[in-house]
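If you read the sequences in order, they're chains A and F. Numbered by numbering that gives the first Met the number 0, the letters in the first sequence go through residues 0 to 297 in order. Numbered by numbering that gives the first Met the number 0, the letters in the second sequence go through residues 0 to 297 in order.
Keeping only pairs whose Cα atoms sit at most 27 Å apart, straight-line, the calculated DSSO-like set for lysine-lysine is: (1) A:K127 x A:K185; (2) A:K288 x A:K127; (3) A:K288 x F:K146; (4) F:K4 x F:K146; (5) F:K127 x F:K288; (6) A:K146 x F:K288; (7) A:K146 x A:K4; (8) A:K288 x F:K288; (9) F:K185 x F:K127.
Between beta-carbon pairs, the in silico distance windows are: (10) F:E293 x A:P143: 18 to 24 Å; (11) F:D13 x A:V243: 27 to 33 Å; (12) F:S92 x A:Q287: 29 to 35 Å; (13) A:D226 x F:D263: 28 to 34 Å; (14) A:I280 x F:A93: 27 to 33 Å; (15) A:P105 x F:E293: 23 to 29 Å; (16) A:K185 x F:Q33: 32 to 38 Å; (17) F:D263 x A:W290: 17 to 23 Å.
No wet-lab data here; the hints were simulated from the structure. All residues carry an ideal CB built from backbone N, CA and C; glycine is no exception.
Protein chains: 2
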Amino acid sequence: MSQFKIAGIQMACDRSPAENISHAMRLVTNAASQGADVVCLPELFATPYFCQTEDPACFQLSESFHGSTVSSFLEIARELGITVIVPFFERRSAGIYHNSAAIVTPAPTSPDVYRKMHIPDDPGFYEKFYFTPGDLDFKAFTTPVGKIGVLICWDQWYPEAARITAMLGASVLFYPTAIGWDPDEKEDMGVAQHDAWRTVQRGHAVANGVYVAAINRVGFEPAPNSDGGIEFWGQSFICDPQGVILAEASADQEEIILADVDLDHLERLRQMWPFWRDRRIDAYGALQKRWLDESGNS
Amino acid sequence: MSQFKIAGIQMACDRSPAENISHAMRLVTNAASQGADVVCLPELFATPYFCQTEDPACFQLSESFHGSTVSSFLEIARELGITVIVPFFERRSAGIYHNSAAIVTPAPTSPDVYRKMHIPDDPGFYEKFYFTPGDLDFKAFTTPVGKIGVLICWDQWYPEAARITAMLGASVLFYPTAIGWDPDEKEDMGVAQHDAWRTVQRGHAVANGVYVAAINRVGFEPAPNSDGGIEFWGQSFICDPQGVILAEASADQEEIILADVDLDHLERLRQMWPFWRDRRIDAYGALQKRWLDESGNS
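Turn these sequences into a full structure, and let the hints steer you where they fit.
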């Protein structure tokens, strides 16, 4: 299939898990009714963003790959013939939990899973407490519309993740996301932070000649036992392989965004600006190092 | 030195080599008088962009590392105490020519050289005929203001080049450039092409927490023996480690752009959004491959 439609569900996730899941099911069904072949939900959409604090009680929110979050979408995918990217808090065993996304397709072998490879940890985003870094490597997933890539939030800052996923044949990189402003920082840094986030991902689209879909939460979620919280900045977007924005949501509303993927357009762009031809793979070994300037300068 | 000033010379390069060099010397001296510690010239600034055709006669334009293009700036650098990035068409031996940039500093050991690693070839930019790909690897250069990186034009589309140069300790990535519109494509694709160029480089700034300075030619240069030519799109820019534009030139004028580099700002940004901490260097080996999806899909 050389053309297909993708959608992102920008939603607030401050309801109970059961309510978030049923709300998401309705929105996914709505997106499918508008012609979407692939629909992406935001990171950990079934729960509030519990990583605002480090609280062992939150591990109760985790569930297996066969839990209700993922299985709720199996029937929808089969019935509607669509692919759904279903982020979930994965319990793999006592003591091993991942920030994951199930790739749910109509195929009998579905679902498959991606486990977030790069785990953040900064004030309000204490993910290193909860999540073991992914050990399934970067992946591209076979769907009825061809191969797609799924990466999660913090992964979006790493050109290596986008590059390897594109090399695996993905035509679209989906980034389920939960990013927002600290209300104390928004006035001074809000514009630059959001623009950096948008720019680095549009850059991945350009460098790799792929479509990118970044699907974020929206709305304010207070931090437990504090005056703070996160204002999720919405602004989910889909861009083409030149970084041209095809669809973009508001900063404060739940929205479904849709865009057409055209694999002929993708291939023409890779022919006109043939970046893939010229990678210096003989000179990239250093990328497996942590750092090269042992003086500590810069 | 935790703060210093950098400059880019956006210039037309359609004069004779002697005239281009003397013009550039005046502009570099002017930039230094405005406080610049590091000044960057456009790619191959000493000559018209001869790669619009494949003509063996153009090899006459090449010169050694000790030729007049580079040596013209040695005295300026020493006298004014500045660093100058001097792109030149390097003749290394009969049959081996590079698209290079000399890094000219006041130090007795100066200059050093970067040889363009990624060589383009598309209509109007027939560089693979002229230039052997660089074999000196990616480099960061020690200057009086610390380490800087130099990459050249087509390199700017490769996240790997930016990443490795940043890992070598560069606080600024300079990209001498010669990029423009094919007049036949400008109306349909001009905006998207320019924005892709700007975006991917701002993305390198964000992903690596470095300043980026892309310094382009400006003006129309006709193609020999044809109706065509290239309209170099100017719009040289300098951005900070969040991709925030600090200075940007017009699309049609010669200009000197200047901006301040603040290494404390750079370090604060790397602390607030600690991307460097979390690279999955255990999972990046695939970057040394050409492609991973042997089905040929996507």
